[in-house]
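Numbering (the working numbering), first residue to last: 390 to 683.
Keep in mind that the hints were calculated from the coordinates and are not lab data. One thing to keep in mind: the hints can contain errors.
Claimed, not checked - Using C-beta positions, here's what the derived DEER-type ranges look like:
no.	residue 1	residue 2	range
1	610	444	44 to 52 Å
2	646	461	33 to 41 Å
3	662	587	53 to 61 Å
4	459	558	48 to 56 Å
5	669	638	41 to 49 Å
6	519	675	25 to 33 Å
7	620	648	32 to 40 Å
8	553	620	14 to 22 Å
9	458	662	46 to 54 Å
10	586	653	54 to 62 Å
We put the CB at the ideal spot given by N, CA and C, even for glycine.
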Amino acid sequence: MHPIALLAGCAAFALVLGAAQGLRMVRYDAASSLSMEEPVDSGARGSLIVRVVDGLGRRFGSLLRGVYSPRQRALLEKRLKRAGYPAGLTQASFIQREAGFMVLGVIVLLFAFLLRQWLLGFMISLLLVGWMRLWLINTGMRRSREIDRDLPDFLDVLSVTVRSGMAFRPAIERVSSYHGGPLAEEMRNAIQSMRLGVSRRDAFVAVRDNSRSENVALFVSAFLQAEELGTPLADALMDISTEIRRERAQQVRRAAARAQPKIALVVTTMILPATLLLILGGMILINIGSGFGG
């Protein structure tokens, strides 16, 4: 077999493996992923790709766990919490899966060295080694965007529920039970913390820290300030919702403004040359046809 063909096959396998793993993790139901217990051995369930990666991770995960310092473990736990413990991953299972991808990257790198394709092998290996961290960061950012999107509607319904005469804590429980997504999940966690004796301020500060959302930070600050000043809760929630909708609209406009240069770049580098090539090709074909006709 030609070395280039073999290398292409190895690279394609590695890319498909990583893409399939990422797709599975994105589609995984994370509604019950907040348990801090050790997960069930994922090698006994899931797809073949998951079993392969986790099998490698079980054999070499202890080496990576030894590398993690207490500070790195605390940072990883914080990132997992902010991402909502996606795919049911805990700290231990995340390190295990990360070790599996690292071993896979080393295998790809060895094949690349044997085929004298060092640059391509290094790039693919680097992608596999950093895949889990990149995926976790991206999942946390996507979760923050979902929270920003759901917060105004959540506050509107909460305000109406409080106006109907229901107390604040039962109102949040009622609204959270009818809302899905990470925001309702964070609110349920806050209610559970208050049941365990955590103060309302500390519970909502934890929501702010876990969400990493500017709008949630605005909501928590305004809510706690209104509570300290004795402002009626229903009116405060309505005012906060209006302000957050205004801030959300400004964020959308800023995002649209940032997207314009990217769109112009795509048009300039891809669509415009293709259009010019199409026009030029048509003109050449017309001239060739007229030449033969003449």
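Outcome of the hint check:
1. Between residue 610 and residue 444 the CB atoms are about 47 Å apart, so this pair conforms to the stated range of 44 to 52 Å.
2. The beta-carbon spacing between residue 646 and residue 461, approximately 37 Å, falls within the hinted interval of 33 to 41 Å.
3. For residue 662 paired with residue 587, a C-beta distance near 59 Å keeps the hint of 53 to 61 Å intact.
4. Checked against the hint of 48 to 56 Å, the pair residue 459 and residue 558 fails, with Cβ atoms roughly 35 Å apart.
5. Range check, residue 669 to residue 638: about 44 Å between beta-carbon atoms, so the 41 to 49 Å window is met.
6. At about 52 Å, the CB distance of residue 519 to residue 675 disagrees with the hint of 25 to 33 Å.
7. For the hinted restraint 32 to 40 Å between residue 620 and residue 648, the CB-CB distance of approximately 38 Å keeps it satisfied.
8. A beta carbon spacing of about 18 Å between residue 553 and residue 620 agrees with the range 14 to 22 Å that was offered as a hint.
9. The beta-carbon spacing between residue 458 and residue 662, approximately 50 Å, falls within the hinted interval of 46 to 54 Å.
10. Distance hint check for residue 586 and residue 653: the Cβ-Cβ separation is about 55 Å, which falls inside the suggested range of 54 to 62 Å.
Hints 4, 6, counting from the list given before, are not met by this structure.
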